[in-house]
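Engineer: For reference, the chains in residue letters:
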Amino acid sequence: MATEPPSVHPLPELSRKDFVTSNDVRWCPGCGDYAILNSLQRTFPELGVPRENFVIVSGIGCSSRFPYYMNTYGFHTIHGRATTVATGIKVANPDLSVWVVTGDGDGLSIGGNHMLHLLRRNLNVTVLLFNNRIYGLTKGQYSPTSPFGTRTKTTPTGSIDHPLHPLLFALGAEATFIARTVDNNPKHMVEIFKAAHEHQGVSFVEILQNCVIFNDGSWDPIYGKESRDDQLLILEAGKPLLFGKNKGKGIRLKGLVPEIVDATTAAPGEILIHEPHQSSPLYSQLLATMGLPDFPTPLGIIREIQRPTYESLIHDQVEEAKAKKGSGTWKELLHGTSTWTVEG
Amino acid sequence: MATEPPSVHPLPELSRKDFVTSNDVRWCPGCGDYAILNSLQRTFPELGVPRENFVIVSGIGCSSRFPYYMNTYGFHTIHGRATTVATGIKVANPDLSVWVVTGDGDGLSIGGNHMLHLLRRNLNVTVLLFNNRIYGLTKGQYSPTSPFGTRTKTTPTGSIDHPLHPLLFALGAEATFIARTVDNNPKHMVEIFKAAHEHQGVSFVEILQNCVIFNDGSWDPIYGKESRDDQLLILEAGKPLLFGKNKGKGIRLKGLVPEIVDATTAAPGEILIHEPHQSSPLYSQLLATMGLPDFPTPLGIIREIQRPTYESLIHDQVEEAKAKKGSGTWKELLHGTSTWTVEG
Amino acid sequence: MTPIIPGFREMKSVVVRFAGDSGDGMQIVGERFTDTSVTVPNAIATFPDYPSEIRAPIGTIAGVSAFQVHFGSMTVLTPGDEPDALVAMNPAALAVHLQDLVAGGLLIANASAFTAENLAMAGYESNPLDDTDIQKKYEVISLDVTGLSVEALKDSPLTQREKLRTKNFFALGFTYWVYSRPIEPTIDYINSKWAAKSPELAAANIRVLKAGYFLGETTETTRNRYMVARAEVAPGIYRKISGNEAIALGLVAGAKKAGRDLLFSGYPITPATGILETLVSYKHFGVKTVQAEDEIAAIGVALGASFAGQIGVTGTSGPGMCLKSEFIGLAISTELPLVIVNVQRGGPSTGLPTKTEQSDLLQALFGRHGESPVPVVAANSPSDGFRAGFEAVRIALEFSTPVILLSDGYLANGSEPWKVPEEDTLPEIVAPFADPSKPYVVFARHPETLARTQAIPGQVGLEHRIGGLEKDGKGKISYDPDNHGEMTRLRAAKVEAVAKTLPPLRLTGERTGKLLVLGWGGTHGAITSTVEALRAEGHEVSSTNLRYLNPLPPDLGDLLKGFDKVLIPELNSGQLCMLIRARFLVDAISLPKIQGRPFKISEIRERVLQLLND
Amino acid sequence: MTPIIPGFREMKSVVVRFAGDSGDGMQIVGERFTDTSVTVPNAIATFPDYPSEIRAPIGTIAGVSAFQVHFGSMTVLTPGDEPDALVAMNPAALAVHLQDLVAGGLLIANASAFTAENLAMAGYESNPLDDTDIQKKYEVISLDVTGLSVEALKDSPLTQREKLRTKNFFALGFTYWVYSRPIEPTIDYINSKWAAKSPELAAANIRVLKAGYFLGETTETTRNRYMVARAEVAPGIYRKISGNEAIALGLVAGAKKAGRDLLFSGYPITPATGILETLVSYKHFGVKTVQAEDEIAAIGVALGASFAGQIGVTGTSGPGMCLKSEFIGLAISTELPLVIVNVQRGGPSTGLPTKTEQSDLLQALFGRHGESPVPVVAANSPSDGFRAGFEAVRIALEFSTPVILLSDGYLANGSEPWKVPEEDTLPEIVAPFADPSKPYVVFARHPETLARTQAIPGQVGLEHRIGGLEKDGKGKISYDPDNHGEMTRLRAAKVEAVAKTLPPLRLTGERTGKLLVLGWGGTHGAITSTVEALRAEGHEVSSTNLRYLNPLPPDLGDLLKGFDKVLIPELNSGQLCMLIRARFLVDAISLPKIQGRPFKISEIRERVLQLLND
Ligand SMILES: Cc1ncc(C[n+]2csc(CCOP(=O)(O)OP(=O)(O)O)c2C)c(N)n1
Ligand SMILES: Cc1ncc(C[n+]2csc(CCOP(=O)(O)OP(=O)(O)O)c2C)c(N)n1
Ligand code: SF4
Ligand code: SF4
Ligand SMILES: [Mg+2]
Ligand SMILES: [Mg+2]
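Protein chains in written order, with the working numbering: chain X, 1 to 344; chain H, 1 to 344; chain V, 1 to 614; chain B, 1 to 614.
Bound conformation, chain X alone (with noise of 0.2 Å):
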């Protein structure tokens, strides 16, 4: 099924601008979510969607917010719930194109079960979990993301939940797309924003995102300008897995374990080739099980995959019983396949 509806006008060329709206933008100053918010009104515009199909639905929270600020039709839902009331928008309207915007708190808290189906049904939407690693709307208590340890005002004395993995978990759902950006790499974003759209199927991208006033230089590790050279691993399909100063290192396998060689005087093809479209899901696992403190983090598309959209199988049958039966009468409706008459 198509995302776009065929359209018979020439679709109006659309600029950033179409999609801003006049709501005062109320996140802290400073916050990462309006880079966010700035690459996707710039993604948008690219995509060739007539501004009237998209729609945004978002749960509670910071990042939840976002809909109000972009100028397309929008739904702020209920805490953990978008992942449903988009399931809903887009079996009722396949021709959408519709986006979830959560939090870690949203998506993978209160809202994680229905990630999980929803990932596991393939419906083609995409999510944007803006992963700050911390509760923002509510000030600043631990979220399901949050490292082992983090101290906020629910854990004085350090959080001791092992943190739930958001690649990890969308594997475990055998999500179709999977992928990970930065919010304070704005190109990156529209590139990833840009295929996830383009992927069939659901997406789930996870935003590295800076909380400047509750957990601010969180993912500075990875990707501060000190450690990115370092710590950022960026996947591009069908080339090596290269990092570090100069792409001096690279990631090689031995068996089941990855090991960092140095990509100078690493042998021909010793150095593994990013391949996002393999059907076995061992490759995503080893990308997505990457990160510190021994290895950098992978950025980009870690895995995509085909299989048939929920939203298309289910138009699907609904056109093949009315190819079977017709299309159902008033007569059929009311009086059924049984009935008799009383006479006058």
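These are calculated hints, taken from the structure and not from any lab test. One or more of the hints may lead you astray.
What the hints assert, rightly or not - Pulled a few chain B residues facing chain X out of the computed Cβ check, cut under 8 Å:
1) 54
2) 197
3) 268
4) 270
5) 277
6) 280
7) 349
8) 350
9) 444
Stated by the list, open to error - Straight-line C-alpha distance at most 27 Å; calculated BS3-like pairs for lysine-lysine:
10) 17(H) - 476(B)
11) 163(V) - 197(V)
12) 187(X) - 17(X)
13) 193(V) - 331(X)
14) 153(X) - 194(X)
15) 197(V) - 139(H)
16) 225(X) - 239(X)
17) 239(H) - 254(X)
Glycine included, each C-beta is placed from N, C-alpha and C at the ideal position.
Given the structure of chain X, go ahead and fit chains H, V and B with the ligands onto it with the hints provided.
Structural biologist: Relative to chain X, chains H, V and B with the ligands alone:
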């Protein structure tokens, strides 16, 4: 932390009978649940836990009637939430041996989120997931583990959801003990239940269970008499991955992709050795993804690693606070840190 | 008029209960007896009653399954208080149901199943069929049903096990004979069901059915036969329909009338699952169904569909209603159409999943945080589910609001004949989308209904955002104190405005008098039957039934004033009664019943007579 | 008695409101002013009011944060209707709050912040400080707060940015001077907070504080100073406490009295999070806390803890209450102790998360399926949270039942002085576990309370199973109709039995008269203040407040009979009013307010006078 309280008296000898209640067992004749009940009643006396320290918590479903048939403490809660009640029980009293009994609907549909968070928190409880790939109690609707295309009362033309894979799900939650067993092999069940109990941390056990009424024979292609030789891969720690008649076939790895080889002609060391304790999750992932149609289905302990348990960490924090501040007195409680006095 | 057959005792109506083991096919024979009687025609109402276990062990008390059918030559509004005849296929069935049989009633027992083992499982120490007290109290017909069935099939190629399974048709045939029902419709049914797949099976069942019937003809086993004359039924086309089916139908009809497609999203739960199970076969009506991961997701999906311009519907029972409550609040706040069906069952908590109750009324009205009014509609009989479902869709769309539709376990599974309406007798439902040529004000309101007009994704130029935070008339988030007061008032006024569209109350009896019996939902049949009977005896009593619980019908207040006393029978502890007292300050008297079962006519009758004599 | 200082106007009580940008430290100075006044001692009540955004852009309307403090020489029960003085640190603060200032009130403005840019952001076209109407209407004191603060620090080593951040203490110092408050407590506070970490910062803040104070002494900026005499406060040890803190404390105290450990499980939500955030620091009292994945899990964890023999507590606000409703039903059915705290906020749906409302009362009573009664307790002031929390634990344990404890956003964040009780004045809570030497009957009941006795895992020989299906007195699952009726009756009777343990209602005024003002929860202060004032003026009006909403106090019915009229002010559309009308058939009149704000005394006063004059 020990699972058992330091017992002053020697433990009374317990036998299977001690765990049988006088309640009539009300599952359908032939239901796989009987065999599981039997196996658990045989396991419990062997665990060295006094009977009064067992608590079985369940949700709602045919399987969730389980507590009524075990002469221990039991709580038949509400649909999907047994895991949360179990958390409260275990955190309140870490000395108890807490078992969660749940179904594929109870534990993975409505209860998926709580399961996810229970697993990642690593509470020292054992989860027995009775997977009959159907909603039994509500008379036969498809469940999240029903294969694509399953025809049921709510999917007369076939289900369209990609099924959730319980083991991949548990891996996505980074559960520390993951195993699979079958309702038609009591010996294997007892073995796995014991290992799950011994594991200090959360244990997730999928039990392939037959629902004679609404999904009869669903697992026969895997564990039926005809198929089991070729379709079951019995895992034993430290032993090679062999299966088939006379263990004539083995599994080896080619890059990240498993292959079936003739075990009789395989090179020494070529066939993978089962090592459930390795910290890299890739091997567990490999096992979890194996199954019909191309591979045998692994049975046994897929993964077992160590991590501190949630309830012990809470307990430690309380003890630390007491050690630091002394046990809170009435005066401290009522006066807090700052008071003033109004003289008479 | 049916001619009176000589040798028959004529009855206005008869209640027959078939009871046996879950595996004995009691639901099937009950359905057959119903379908046969319906075509006589008789007025009819049924009540299936099966165990909550899927398959309890054979022969046990827990495994007993029953089906009660009430047929008459006059209006029949309930499945009947006590059976006039009990067909008991084994001792457990007798143990459970004999206590309900009217004194002097007919007991047809399958004597062959009264073995020592079965008697023990049913808790009998001796064979009750030999008990002279029982023989005196009832008209006992003890038949070797099993043996006679197998005997009738001695030439059949079926296996012994298959032969044994035909015995329900023997009992049915004999019962047909007692009540002089035609056997042809059942023969047709058997043929249509089995003839193609297994002609031997069809032949065997027909043979056994006839054997049962002929046994009556040829032997002297019975002293009495009974006849129920044809009912004076309004001419028309009829179908049999259960409450769950009727609701499904009403929802689709409403959607069709409104020109919107229906999306139903649910999560299985007894006794509501039947609605989802019915709607999955309506795909060619454009109906989409989603079996969600839980009840929260189900209502979220439905609300999403409504936002996208369809009519979203979800359905569940009590525990699921709890889970939907937060989302109902969002639907109220965003003023989107949505229908939530609650098929009530015994509570609290998991309670009595297969039993009926009306104890979720106050939850429907108040079961959410904040000031969050919603219209509430209740079906009052299985077939009334159609009208109730239709009305729920109408109100939801015309008033841009979630609507709660209450049914119950008794209505859901019970069935009755339903006169099929003509499509054009159904009202239009008018709820157009916003006009893209005009500026769109998100919370602009229709002057009369106060509904807000929806603009839906895909409409050019009407892009907008909605959500659960308080907002002003333009849809902007607002923390302004006065605005919050005003929006709260408007949301309440909108629900009140529904009252203007409600039909006048239908009354049984006079508009004034000593006593008004006020009911709602599924108690309609029992109350009306009671009051009609009492009125026929000359008592000054009236009754009415509320299909609309919120807002209450505008003519209710005046009606209440006309009576000295008001009695409110409810299958709860007095929930409507509380509302009526608070609203109208009348000293309404509650007649509560919380036993997982519908009212008996005798229970209401007794209380009414007490009050009339006070 | 405080001697009257010459040159001062004496006031019985004064309301001061500090308002500025979120970053201006208004909450801090408000708290300081409070703590200073409290030690005078004055009677005091406070009301913080901050934006729902975490950090709105500086200088905007959305970013305004305020703190109101009401202090007096007589009882002070509310934070005051309108401020007598407004400290406005920027134009946005003025724009939001000036409308509330009483005519003739004191306006202290930070003139240095009234720049063109800031004025524009606040929507002013010209500088309101130059507006002669404003100058006439109020006593305007325009100070260059920023400039004077920086000037005072010219010798300080602090950076310019740090210097700018001291300006709130300048405003505070000046305000202290106006109201002749001592500055020493604030100096102590500053030292204890910063002296160790950064002596320069401490010194600077003290210098600026003093500069503000001395500005008053040395200049002629103001015509009036005001004094509020010491209040006649009962001798004793006091602490300041907010509603959330008081509830946390009361819960722990209850648990301690009962000899059980407390396990609190919650999920963050405004305005309830403070309870969890307080309890995490009570670990050395044996308190365990679990931040769960959602509200459903949170109550499940709490119920599990109760089953295991602790006292499980969960807390949330409206949306979370919806999610907990199914589990409350299970706690009712299994008759386990449990406390559910609902800190109410504006609804429906997400509503007004940071604003107050009392609109969840009917949800507390009826927000579940089935007949599922629970005791409901409400705190009536911030410090009363202690008693309410204690009582909730007492009732939960002594009656083996879940209890809903209602607070609200106004109580949660407001704070007041609280006379610390002696431990031995707190009642014992008696709820022993089952005796392992006797046979255990799961649903055996205490003859008076009807509570069932818990046996807990680990107790030898008392193994048993409980669950949400209906069961009989022995705990066996039962579908028996009469048993269901009886268990339903018992569950209700048990909740009713709580009434016997309730203290008599405390009345302001006579037991009979023209008008009774009946309130519940957080309206207590406003109602009592109004009625006391009116009585002092000679009006025949009384009032009382309900801490117990279910069951209602046994003496309420008689009390109501003694009055011609009953007025019920509520921050909802008349929820208690409906209950009172239904229960007692009195024509109670509702005074609803749904604006996200507490009642003003004037609002209640006006309606009372109307009714008295009718
Ligand atoms: C049912 C419910 N529970 C709790 C809340 C309170 N709440 C709002 S947002 C939020 C968490 C926000 O964290 P996250 O999703 O990570 O978003 P962020 O603010 O960090 O962007 C919580 C707990 C709510 N609104 N509704
Ligand atoms: C809140 C709620 N929703 C739905 C139900 C109905 N329900 C009971 S059990 C069940 C599913 C049972 O399936 P599963 O967990 O696989 O257990 P099984 O019966 O197959 O053992 C459902 C949907 C319920 N009891 N409560
Ligand atoms: S609190 Fe954090 S996440 Fe929320 S708006 Fe502020 S900086 Fe952003
Ligand atoms: S329905 Fe299926 S799962 Fe349930 S008791 Fe029967 S056989 Fe077992
Ligand atoms: Mg977050
Ligand atoms: Mg199942």
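Engineer: Against each hint, give a clear statement of whether it holds in the structure.
Structural biologist: Outcome of the hint check:
Look at residue 54(B): its Cβ gets to within about 5 Å of chain X, closer than 8 Å, so that hint holds up. Annotation: interface hint on residue 197(B) violated; nearest CB of chain X at approximately 18 Å, more than 8 Å. At its closest, the beta carbon of residue 268(B) sits 4 Å from a beta carbon of chain X; the interface hint therefore holds under the 8 Å criterion. At its closest, the beta carbon of residue 270(B) sits 6 Å from a beta carbon of chain X; the interface hint therefore holds under the 8 Å criterion.
Proximity of residue 277(B) to chain X holds as hinted, the smallest CB-CB distance being about 5 Å (cut-off 8 Å). Interface restraint check: residue 280(B) against chain X, minimum CB-CB distance 6 Å, threshold 8 Å, status holds. Below 8 Å, beta-carbon pairs count as interface contacts, and residue 349(B) has one with chain X at about 7 Å; its hint therefore holds. Satisfaction of the interface hint for residue 350(B) is found here, the shortest Cβ-Cβ separation to chain X being roughly 6 Å, below the 8 Å cut-off.
Interface hint at residue 444(B): violated, since its Cβ lies 39 Å from the closest Cβ of chain X, which is beyond the 8 Å cut-off. Annotation: proposed proximity of residue 17(H) to residue 476(B) holds, straight-line Cα distance about 20 Å (limit 27 Å). Our distance criterion of 27 Å between C-alpha atoms is met by residue 163(V) and residue 197(V), whose separation comes to about 17 Å. Of the supplied pair hints, the one linking residue 187(X) and residue 17(X) holds, its CA atoms being roughly 18 Å apart against a limit of 27 Å.
For a cut-off of 27 Å, the pair hint linking residue 193(V) to residue 331(X) stands: about 24 Å separates their Cα positions. About 38 Å separates the Cα atoms of residue 153(X) and residue 194(X), which puts this hinted pair outside 27 Å; it is violated. Distance hint between residue 197(V) and residue 139(H) is fulfilled; the C-alpha atoms sit about 25 Å from each other, no more than 27 Å. Simply put, residue 225(X) and residue 239(X) have alpha-carbon atoms about 24 Å apart, close enough for the 27 Å limit, and the pair holds.
Taken as a hint, the residue 239(H) and residue 254(X) pair is honoured in the structure, with Cα atoms around 21 Å apart against an allowance of 27 Å.
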